[in-house]
Structure formats: C-alpha cells, structure tokens
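When the letters of the sequence shown are read in order and numbered with mature numbering (1 follows the signal peptide of the UniProt record, and there is no 0), they come out as residues -23 to -1, 1 to 96.
I should point out that these hints are in silico values taken from the structure, not numbers from a laboratory.
There's no promise every hint is true.
[Unchecked claim] Label pairs and their calculated CB-CB ranges:
id	residue 1	residue 2	range
1	ASP17	SER47	26 to 36 Å
2	ARG62	GLU34	10 to 20 Å
3	GLY60	THR16	10 to 20 Å
4	ARG93	GLY70	28 to 38 Å
5	GLN53	HIS18	13 to 23 Å
6	ARG45	GLY22	29 to 39 Å
7	LEU21	ASP68	27 to 37 Å
Since the model is a prediction, treat every value here as computed from it, not as a measurement.
Even glycine gets a Cβ: it sits at the ideal position worked out from N, Cα and C.
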Amino acid sequence: MAWKAPCLAFSVLLVVASTGAGQAEFEGQSQVRTLKDMTDHPYLGMWVTRDGLIRQELLPNGRYDEARGSRRGAYQGRYEIRGDRIEYWDDTGFTADGEFINDVLHHGGMLFYRERQVE
C-alpha cells in the first residue's frame, strides 16, 4: 500500500502526549524532566573540561550555552535529561548526546567536570 501523504504516514507512526510544560513526550519515555521541574535537577550548572577550554552550562530552562576558549556562546540549544543520559539539539540543527558517570559528563569524546571540581 502506498501512502499518498508522507506526512500523514509519519504522524501515524508517532504517539505523542503533551506534558504540562508544553513539550512533547514519546510513549515509554516518561522519565523526561519537564521545564517546570528542572530548577532543582542535580546536573544543572557549569561543566568544564579539565583544561577549562570548553565550558558548558546547563540552564534550568532546558537550554545550554557552550563556550570554547574565549568564544562565548559558541554553541547554544536545548537539552533533555533522561536518567543519566543527556541529549542536545543545537540551534543550528546539530544533535549530540552524552552520559553522566560518577559525576563526570562524557560528551563528544571529552570529559566534563563540575566547575568546582576543576578550580
């Protein structure tokens, strides 16, 4: 059977429920924190590489801001945390992910530490 409307076919495959924060939540992924309860998330704050050249701030509004060297705002976008996994959607369309292991963020082949651990 051929679909005459590809968008309709795609939308039939997705089961989406709206959360209280207005974000989409896919079936089976109810552990996604909504914006209203991110203000106290333990992974919020500044994460930096050991040499301090890359700094990534996870903001309570579900956005992140990454600086590279003296270039502030080098990458910005939104993120979602599910358990110890983090997914990023850069404003330019780039996507990435990472994992928090023993209070260290593993992301893009790099290790990020809480800012207070590096000082």
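Against the structure, the hints:
| no. | hint | in the structure |
| --- | --- | --- |
| 1 | ASP17 <-> SER47: 26 to 36 Å | 32 Å, holds |
| 2 | ARG62 <-> GLU34: 10 to 20 Å | 19 Å, holds |
| 3 | GLY60 <-> THR16: 10 to 20 Å | 19 Å, holds |
| 4 | ARG93 <-> GLY70: 28 to 38 Å | 33 Å, holds |
| 5 | GLN53 <-> HIS18: 13 to 23 Å | 19 Å, holds |
| 6 | ARG45 <-> GLY22: 29 to 39 Å | 18 Å, violated |
| 7 | LEU21 <-> ASP68: 27 to 37 Å | 20 Å, violated |
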